[in-house]
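Engineer: Line order of the protein sequences matches chains A and B. Everything in the first sequence is counted per this note's numbering, starting at 138 for the first residue and increasing by one. Everything in the second sequence is counted per this note's numbering, starting at 138 for the first residue and increasing by one.
Quick caveat, the hints were computed from the structure, so don't treat them as lab data. Since we're looking at a predicted model, the values are computed, not measured. By construction, the Cβ of each residue, glycine as well, lies at the ideal position given by its N, Cα and C atoms. Treat each hint with caution, since some may be false.
Stretch-level coverage of chain B by chain A, calculated; a stretch enters the list once three of its residues show a Cβ under 8 Å from a Cβ in chain A [unchecked claim]:
| id | stretch |
| --- | --- |
| 1 | 147 to 155 |
| 2 | 180 to 187 |
| 3 | 256 to 268 |
| 4 | 277 to 288 |
| 5 | 493 to 502 |
Label-pair ranges, simulated between beta-carbon atoms [as the list claims (entries may be wrong)]:
| id | chain 1 | residue 1 | chain 2 | residue 2 | range |
| --- | --- | --- | --- | --- | --- |
| 6 | B | Ala350 | A | Ser196 | 54 to 60 Å |
| 7 | B | Thr348 | A | Gly282 | 43 to 49 Å |
| 8 | B | Lys280 | A | Glu333 | 47 to 53 Å |
| 9 | A | Thr332 | B | Glu221 | 52 to 58 Å |
| 10 | A | Gly431 | B | Lys394 | 33 to 39 Å |
| 11 | A | Thr250 | B | Gly453 | 53 to 59 Å |
| 12 | A | Gly455 | B | Gly453 | 22 to 28 Å |
| 13 | B | Gly498 | A | Thr250 | 29 to 35 Å |
| 14 | A | Ser379 | B | Lys394 | 47 to 53 Å |
| 15 | B | Gln341 | A | Gln154 | 17 to 23 Å |
| 16 | A | Thr348 | B | Gly453 | 23 to 29 Å |
| 17 | B | Ala261 | A | Lys280 | 43 to 49 Å |
| 18 | B | Gln211 | A | Glu368 | 36 to 42 Å |
Below, a sample of chain A positions facing chain B; criterion: calculated Cβ distance under 10 Å [unchecked claim]:
| id | residue |
| --- | --- |
| 19 | Leu143 |
| 20 | His178 |
| 21 | Gly181 |
| 22 | Thr332 |
| 23 | Ile426 |
| 24 | Ala432 |
| 25 | Val523 |
| 26 | Asn526 |
| 27 | Gln530 |
Number of protein chains: 2
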Amino acid sequence: MPTASLVCVGTELLFGQTINTNAAYISSELQALGVSVLWHHTVGDNPSRVRQTLDLALSGSDIVITTGGLGPTQDDLTKELIAEVMGEELVFDKKAMDMMIAHFKSFGNRVPTKNNEKQAYLPASATPFYNEVGTAPGFALNKNGKTIMAIPGPPREMRYMMEKYVVPYLSALADSALYQQTFRTFGIGESRLETELLPIIEGQTDPTVATYAKDGECAVRVASMRPTAAEAEAAVKRVIASAAEIVGEFIYSYEDKELHHVVVDLLKEKNLIIATAESCTGGEYAQSITSVPGASLVFGRGFITYSNDAKKALLGVGEDVLSEYGAVSEQCAAEMAEGARLAAGSDIGVSITGIAGPDGGSVEKPVGTVWLGLSFGGKVTTVLRVFPNRGRQYIRRMCVLEMHDIVRRAVLGKGPLDKRI
Amino acid sequence: MPTASLVCVGTELLFGQTINTNAAYISSELQALGVSVLWHHTVGDNPSRVRQTLDLALSGSDIVITTGGLGPTQDDLTKELIAEVMGEELVFDKKAMDMMIAHFKSFGNRVPTKNNEKQAYLPASATPFYNEVGTAPGFALNKNGKTIMAIPGPPREMRYMMEKYVVPYLSALADSALYQQTFRTFGIGESRLETELLPIIEGQTDPTVATYAKDGECAVRVASMRPTAAEAEAAVKRVIASAAEIVGEFIYSYEDKELHHVVVDLLKEKNLIIATAESCTGGEYAQSITSVPGASLVFGRGFITYSNDAKKALLGVGEDVLSEYGAVSEQCAAEMAEGARLAAGSDIGVSITGIAGPDGGSVEKPVGTVWLGLSFGGKVTTVLRVFPNRGRQYIRRMCVLEMHDIVRRAVLGKGPLDKRI
Numbered sequence: 138m139p140t141a142s143l144v145c146v147g148t149e150l151l152f153g154q155t156i157n158t159n160a161a162y163i164s165s166e167l168q169a170l171g172v173s174v175l176w177h178h179t180v181g182d183n184p185s186r187v188r189q190t191l192d193l194a195l196s197g198s199d200i201v202i203t204t205g206g207l208g209p210t211q212d213d214l215t216k217e218l219i220a221e222v223m224g225e226e227l228v229f230d231k232k233a234m235d236m237m238i239a240h241f242k243s244f245g246n247r248v249p250t251k252n253n254e255k256q257a258y259l260p261a262s263a264t265p266f267y268n269e270v271g272t273a274p275g276f277a278l279n280k281n282g283k284t285i286m287a288i289p290g291p292p293r294e295m296r297y298m299m300e301k302y303v304v305p306y307l308s309a310l311a312d313s314a315l316y317q318q319t320f321r322t323f324g325i326g327e328s329r330l331e332t333e334l335l336p337i338i339e340g341q342t343d344p345t346v347a348t349y350a351k352d353g354e355c356a357v358r359v360a361s362m363r364p365t366a367a368e369a370e371a372a373v374k375r376v377i378a379s380a381a382e383i384v385g386e387f388i389y390s391y392e393d394k395e396l397h398h399v400v401v402d403l404l405k406e407k408n409l410i411i412a413t414a415e416s417c418t419g420g421e422y423a424q425s426i427t428s429v430p431g432a433s434l435v436f437g438r439g440f441i442t443y444s445n446d447a448k449k450a451l452l453g454v455g456e457d458v459l460s461e462y463g464a465v466s467e468q469c470a471a472e473m474a475e476g477a478r479l480a481a482g483s484d485i486g487v488s489i490t491g492i493a494g495p496d497g498g499s500v501e502k503p504v505g506t507v508w509l510g511l512s513f514g515g516k517v518t519t520v521l522r523v524f525p526n527r528g529r530q531y532i533r534r535m536c537v538l539e540m541h542d543i544v545r546r547a548v549l550g551k552g553p554l555d556k557r558i
Numbered sequence: 138m139p140t141a142s143l144v145c146v147g148t149e150l151l152f153g154q155t156i157n158t159n160a161a162y163i164s165s166e167l168q169a170l171g172v173s174v175l176w177h178h179t180v181g182d183n184p185s186r187v188r189q190t191l192d193l194a195l196s197g198s199d200i201v202i203t204t205g206g207l208g209p210t211q212d213d214l215t216k217e218l219i220a221e222v223m224g225e226e227l228v229f230d231k232k233a234m235d236m237m238i239a240h241f242k243s244f245g246n247r248v249p250t251k252n253n254e255k256q257a258y259l260p261a262s263a264t265p266f267y268n269e270v271g272t273a274p275g276f277a278l279n280k281n282g283k284t285i286m287a288i289p290g291p292p293r294e295m296r297y298m299m300e301k302y303v304v305p306y307l308s309a310l311a312d313s314a315l316y317q318q319t320f321r322t323f324g325i326g327e328s329r330l331e332t333e334l335l336p337i338i339e340g341q342t343d344p345t346v347a348t349y350a351k352d353g354e355c356a357v358r359v360a361s362m363r364p365t366a367a368e369a370e371a372a373v374k375r376v377i378a379s380a381a382e383i384v385g386e387f388i389y390s391y392e393d394k395e396l397h398h399v400v401v402d403l404l405k406e407k408n409l410i411i412a413t414a415e416s417c418t419g420g421e422y423a424q425s426i427t428s429v430p431g432a433s434l435v436f437g438r439g440f441i442t443y444s445n446d447a448k449k450a451l452l453g454v455g456e457d458v459l460s461e462y463g464a465v466s467e468q469c470a471a472e473m474a475e476g477a478r479l480a481a482g483s484d485i486g487v488s489i490t491g492i493a494g495p496d497g498g499s500v501e502k503p504v505g506t507v508w509l510g511l512s513f514g515g516k517v518t519t520v521l522r523v524f525p526n527r528g529r530q531y532i533r534r535m536c537v538l539e540m541h542d543i544v545r546r547a548v549l550g551k552g553p554l555d556k557r558i
């Protein structure tokens with residue numbers, strides 16, 4: 138298994154103003170290529186420390202990827218130091234210069250300064266990584282049994298370079314092709330998911346299967362490196378088909394799409410309009426729906442009914458329901474969902490009413506207690522959840538995800554609506 | 138100026154599943170203490186690579202801070218390797234063990250396993266950093282002219298250790314006291330802010346003044362290290378008082394409080410109820426208000442009027458306004474704000490209507506065009522913003538921040554409501 142180290146160059150990373158998200162992204166990509174990442178080093182724009190770091194990285198691993206330090210200023214020395222360490226001359230690359238001129242031109246007809254010319258010089262035997270989204274080209278240098286690649290630091294340019302150049306370059310080097318696909322699940326815990334998938338992943342090294350958990354959700358990346366792209370794709374598809382057989386009901390996207398996008402797309406596809414009634418989430422559910430471009434096709438209005446008065450006035454929740462069962466009750470959630478659907482004249486009405494904390498909890502209804510309501514297809518369904526009290530933001534976020542999954546299951550006709558394991 | 142390196146130990150960081158946010162946090166704290174951070178190294182749970190990294194870090198800087206690798210398993214070797222590198226024996230610390238037992242007891246009456254005992258061993262001459270929020274104690278070791286500190290990797294425990302032990306330890310080492318305070322601004326660009334503050338920060342090394350910009354906002358941290366805490370505090374307060382004289386109208390918090398918290402607190406203090414009418418933000422403004430605990434004191438209902446029908450039905454926006462000026466217009470924003478206030482019977486009504494993109498823009502009203510309305514104190518005010526088209530999320534977030542600042546300025550009687558430089 139080839140090994141790699143990252144060398145991230147940039148004083149701003151050492152000041153603590155910028156979180157180094159590049160390192161995780163690059164590592165995750167390398168991991169999918171079957172490359173083992175041994176070190177991340179971050180160092181400022183200091184020539185002797187950058188050189189020292191490059192030496193350490195090159196001596197300890199097969200592949201070194203540097204980010205940053207490719208800019209036009211005197212401080213930007215990554216390329217110069219790599220050339221020095223690898224025993225290379227820097228030579229002018231006309232295509233890099235032409236692309237830079239074109240790039241500047243596209244930004245309000247500007248022209249490169251004298252400084253920028255420095256960016257068009259590359260190590261003599263390097264493979265250039267021309268940059269279509271910024272000014273600094275990157276490159277790969279394969280020499281003395283080591284591969285070193287330099288790419289720009291701004292995350293947008295870094296991602297472009299990884300996708301367009303670094304991943305294909307490393308695949309070619311390994312004389313094989315990478316195929317990867319990520320599916321996403323909701324309602325199944327990460328360790329349970331791993332246990333369920335064990336029969337199909339145990340004892341095999343390709344495809345690799347990696348789980349990425351966040352609150353309530355889990356993404357699973359399946360990656361394969363094979364002699365041909367077709368073989369890699371077939372291997373990945375086989376694993377995903379097996380996974381679908383085992384945990385398919387929890388998979389909401391096979392294309393790494395986010396849950397709220399899946400829901401909006403589904404509503405569009407089925408020509409359904411949704412209306413929202415929110416208490417404890419205070420607009421977060423509607424915000425999530427409307428964060429998807431084109432949401433106006435499936436959403437026209439939402440009610441944030443934080444007070445009991447609002448629940449009565451806007452959704453027609455009965456005074457008796459509020460006085461007898463309280464706002465956080467099955468009955469209130471049901472009337473809110475139905476009330477939202479009727480008031481909006483929509484196909485679906487959803488409601489969220491609960492206790493997000495930090496105050497307002499009781500022994501019977503602790504913080505985290507939430508009732509979710511759904512009015513759809515001529516009937517009203519309610520779901521009770523008691524989330525662990527990991528804070529207000531967590532509880533509200535979980536409410537939104539749960540509600541999305543309930544809508545998804547209802548629209549697809551996949552019950553029970555609230556299956557969670 | 139003392140120098141420092143971080144050594145972050147944990148294979149999960151190299152897999153790319155976890156973004157290393159600890160490094161930025163610790164760097165920023167060290168920066169405030171006048172410590173120059175030279176390197177971040179991240180390495181997996183591999184003894185020889187961890188040792189190699191510790192050697193490099195110790196040889197290159199005065200202070201080394203390690204995170205992670207203090208757990209109970211065989212993999213957790215940071216402490217053992219530090220002891221080896223520093224020539225120390227590990228000795229049993231009874232207090233650490235007692236605290237661990239108490240910690241386990243507080244979690245459902247559990248008891249430590251045999252493995253956990255390993256966590257109670259510390260280098261013989263170390264200063265223990267007892268852990269009240271987790272099981273692993275940290276420590277500082279000052280030897281051979283170097284200071285090495287080990288703290289746990291989980292961010293919550295890391296922050297606790299930094300605040301409670303590392304910062305005071307380094308202050309004591311420097312024989313001085315740190316005082317720091319952060320103020321937050323809105324409506325002034327970062328470079329403009331730096332230019333305005335130049336007269337009070339130029340040429341001085343203490344207090345240090347660091348700006349941290351994010352969309353629309355800028356936080357400014359002022360930190361001083363002086364022989365006594367009182368002197369440090371006085372020095373910081375002097376700089377902040379001078380800053381307030383120059384850019385005070387843009388400062389919304391002197392206590393590093395977020396803008397939506399400031400607004401909710403202000404509404405509470407003035408006993409004002411706010412109602413919201415949102416189009417392009419689709420609930421994000423109300424979500425921001427209700428994310429603050431206790432928001433129910435100032436907020437009862439909100440209207441998400443995404444469609445024109447909703448604007449008419451729920452807020453009483455005139456058909457003529459919509460047909461003559463469109464939904465993204467001064468007139469519509471005014472009627473939405475007034476309509477929300479009247480429908481809710483509140484003191485304040487706010488409205489946001491604009492084009493968040495990616496579609497829907499035109500030459501006259503490009504993506505990013507937003508009208509913000511405010512009904513308060515017997516009059517209706519509107520503000521036009523044309524945000525750069527940096528994507529839907531950015532435009533919506535900017536709308537929310539702008540609206541908050543308009544409310545803040547209106548409630549404080551600090552006009553003009555939309556001053557931005």
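Engineer: For each hint, tell me whether it holds in the structure or not.
Structural biologist: Hint check:
| no. | hint | result |
| --- | --- | --- |
| 1 | 147 to 155 | holds (count 6) |
| 2 | 180 to 187 | holds (count 4) |
| 3 | 256 to 268 | violated (count 0) |
| 4 | 277 to 288 | violated (count 0) |
| 5 | 493 to 502 | holds (count 3) |
| 6 | B:Ala350 with A:Ser196: 54 to 60 Å | violated, 38 Å |
| 7 | B:Thr348 with A:Gly282: 43 to 49 Å | holds, 45 Å |
| 8 | B:Lys280 with A:Glu333: 47 to 53 Å | holds, 50 Å |
| 9 | A:Thr332 with B:Glu221: 52 to 58 Å | violated, 37 Å |
| 10 | A:Gly431 with B:Lys394: 33 to 39 Å | holds, 36 Å |
| 11 | A:Thr250 with B:Gly453: 53 to 59 Å | holds, 56 Å |
| 12 | A:Gly455 with B:Gly453: 22 to 28 Å | holds, 26 Å |
| 13 | B:Gly498 with A:Thr250: 29 to 35 Å | holds, 33 Å |
| 14 | A:Ser379 with B:Lys394: 47 to 53 Å | holds, 51 Å |
| 15 | B:Gln341 with A:Gln154: 17 to 23 Å | holds, 20 Å |
| 16 | A:Thr348 with B:Gly453: 23 to 29 Å | violated, 51 Å |
| 17 | B:Ala261 with A:Lys280: 43 to 49 Å | holds, 48 Å |
| 18 | B:Gln211 with A:Glu368: 36 to 42 Å | holds, 38 Å |
| 19 | Leu143 | holds, 9 Å |
| 20 | His178 | holds, 6 Å |
| 21 | Gly181 | holds, 7 Å |
| 22 | Thr332 | violated, 18 Å |
| 23 | Ile426 | holds, 7 Å |
| 24 | Ala432 | holds, 7 Å |
| 25 | Val523 | violated, 17 Å |
| 26 | Asn526 | violated, 13 Å |
| 27 | Gln530 | holds, 7 Å |
Checked against the numbered hints given earlier, the structure breaks hints 3, 4, 6, 9, 16, 22, 25 and 26 and satisfies all the rest.
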